[in-house]
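Engineer: What follows is each chain in one-letter form.
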Amino acid sequence: MSAIENVAPEDQPVEAVPKRAMTIGSGTSFVVLLLLLIVPLFAKNFIIFQLTMLLIYGLAVLALNILTGGSGQFSLGQSAFYAVGAYTTAVLMEHLNINYALTLPIAGLVCFAFGFLFGQPALRLSGVYLALATFALATAMPQLLKLNFLEHWTGGVQGLVVTKPDAPFGLPMSQDMWLYYFTLAITLAIYIFSVNLLRSRSGRAFMAIRDNEIAASAMGVDVALYKTLAFGVSAGITGVAGGLGAIAVQFVAPDSYTITLAISLFLGMVVGGVGWLPGSIIGSAFIIFVPNIAEGISKGLSGAVFGVLLFLIIFLVPHGARQIAIVGQQLIGKLRKN
Amino acid sequence: MFSARTLRTATLATAVVALTSGAALAQKKYDTGASDTEIKIGNVMPYSGPASAYGVIGKTEEAYFRMINDQGGINGRKVNFVTYDDAYSPPKAVEQVRKLVESDEVLFVFNPLGTPSNTAVQKYLNAKKIPQLFVATGATKWNDPKNFPWTMGWQPSYQSEAQIYAKWLLKEKPNAKVAILYQNDDFGKDYLKGTKDGLGAKAASMIILEESHEISEPSIDSHIVKIKAANPDVLLIYTTPKFGAQTIKKTAELTWKPLQIITNVSASVGSVMKPAGFENAQGVLSAAYAKDAADPQWNDDPGMKKWSAFIDKYMPGADKTDGGYVYGYGVAQTLAKVLQMCGDDLTRANVMKQAASLKDFTPDTLLPGVKINTSPADFAPVSQLQMMRFKGEKWELFGDIISGDIAAD
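Protein sequences, first through last, are from chains G and F. To convert a position in the first sequence, counted from 1, into this note's numbering, add 135. To convert a position in the second sequence, counted from 1, into this note's numbering, add 54.
If you are wondering where the hints come from, they were derived from the structure by calculation, not from laboratory data. The reader is advised that the hints may include incorrect statements.
What the hints assert, rightly or not - Partial selection, computed: residues in chain G whose CB lies under 10 Å from chain F:
id, residue
1, Val174
2, Pro175
3, Asn234
4, Trp288
5, Val292
6, Gln293
7, Arg334
8, Pro389
9, Thr395
10, Gly438
C-beta: ideal position from N, C-alpha, C; glycine also.
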């Protein structure tokens, strides 16, 4: 164990990202926000639905980004937290008739507690060992959801059908559009919270642990507390994303939350750029749209095409979308000077 | 005279125009996805992911409609079969089905596979009044025309199959002591319910033991030992292929010879009977509704010859022992029949109406005597099966074709 710990700081798995480099400038943010606000007004309902899913997966990737990019801990178990959030929302909505908007904070709290508790034993593990432990959680979750004594609540293998909410106050918009703006508002709130979190004392503690655990503890950072806290926050945000996902898809079932989802979210984080929060949306776009593109190229070999595309991205831009963004910024800078 | 002729011609022309346009109004009616030249059909299949073995069904359907188009289409219209991968994931199925409906604008969704995926889109499609036709799952809930008038199944439901076993038992072994081994999920529970319903009042006295197992258990030997201790003389095996093989093998190892009935899902010669050992599987009973391409008794069957010619021409190199090719052909042929019956009225309502008025239709791949019948109150197209007994290295059909029609609760 000690040998591993000694090696760990030198063989840093997560690159140290300075906190300023974790966000984008206010001008760019404004343009992106404007696009997100306007595009749905001119899109078909199906496109709006896809955009909603983009935001939801974006949130889940963001959550993982806080955990891995922020505090340097790996997780392949995000699908489990996503599932718990989705089921919490679905059960509260369908069995207890609670308003959908109120179920989301509950889903977030339940997942925060779940993640915090899971973080306790996970403290003893680091790097690949932690990834394996969370992997086990992700594989176990679909089976747990099928358990007999929970079936009355979860609907077992059949899952639960969720009713999609109408726009409130008689607003003249479709269910899809309302849900999109609802999701956008929550995503924005969580994004701003995350940015501020990483800029705060806690955020600095996360990053100190990520960069060098021993040095962090020497500086007086409560390593155990902040590591579990990072797990809790990440799980909580994933839970909210899961709840939103349940409302958007209108259905929860164990087969929706398999290990494939956890790996997709992990992929999204790497493609978007580890530790770069705006990249979460780009990573999310990757996991939603690229499989469709791959399928369009070849139905029989869609998996292989997806693999090739992924390989190309990792090979050409190993730091994901962040690298492209930095290059783009430099180009604009040069143009301005000229 | 000149003017009289002009008048006559004009009258005639008006009459002709009135007649033809009237006929056109009566005949040609289209919803989104249908036109004079094309019928656009949507489908989702697990081409990737854990259930990708079923992907051959989608490929068979695609090939079948290619054949139909080569033969001139249906009532002069080409079938445009749009199929997407849902990786057996319900959220992906929702996305792909919405894409089919809202972006590709298909006339209806045909044969989407898997109980979870279909459950995920059932409400959406019914709300939009888009047919969810001939879904590829054996759950009983698809036969529910009252609550879901736009959803229809195709294959016999698990419950109706179980009822057939129950009916057979009541007739042949009315004093049997029955033990039921079932997989603890909806698949197993559907069979359990069907058996109890079929046995009716005698269920309580005939069934002496219900033993369930989890799909995650590596071996179910201990369950078999427990069942043997209760000493039943009939064992009903409602489980998936791996456990079906284990059960047959273990009972033989225990030198215990109850009468065994195994679900159609686990009746495959290649993946169940052979691993269980042919000598152990002698006398096991099951039921079937489709012809088995691996069975030599159908070599000279005209229907299977047509199927075989289709596979050779449109899907060269396919492994003919895979049941998916037989299934996909049968269900695609049923759809072609429905579209033919629709004539020039290709509205969604008429597609459902025609699908619910199939009378004694027999696709090439179903057993002789098994017929497809539907009505506005019966959304279960295939509901007949025939019992079969394992002898030598293959199944031998026996007895009459039995019907097990039931509706969802």
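Engineer: A separate judgement is required for each hint: does it hold in the structure or not?
Structural biologist: We went through each hint and held it up to the structure:
The closest approach between the C-beta of G/Val174 and any C-beta of chain F is roughly 16 Å, which is over the 10 Å cut-off, so the hint fails. Because the beta carbon of G/Pro175 sits about 14 Å from the nearest beta carbon in chain F, more than 10 Å, this interface hint is broken. The beta carbon of G/Asn234 comes no nearer than 20 Å to any beta carbon in chain F, farther than 10 Å, and the hint placing it at the interface is violated. Because the smallest distance between the Cβ of G/Trp288 and any Cβ of chain F comes to about 16 Å, over 10 Å, the interface hint for this residue is violated.
The beta carbon of G/Val292 is positioned within 10 Å of a beta carbon in chain F (closest approach about 5 Å), and the interface hint is therefore held. Because the beta carbon of G/Gln293 sits about 6 Å from the nearest beta carbon in chain F, less than 10 Å, this interface hint is met. The restraint placing G/Arg334 at the interface with chain F is violated, with a minimum CB-CB distance near 33 Å, outside the 10 Å limit. This hint holds: G/Pro389 has a C-beta 8 Å from the nearest C-beta of chain F, less than the 10 Å allowed.
A least Cβ separation of about 7 Å between G/Thr395 and chain F falls short of the 10 Å threshold, and the interface hint therefore holds. Annotation: G/Gly438 was flagged as interfacial toward chain F, and the flag holds, the nearest CB pair being 5 Å apart, inside 10 Å.
Hints 1, 2, 3, 4, 7 from the earlier list are contradicted by this structure; the remaining hints agree with it.
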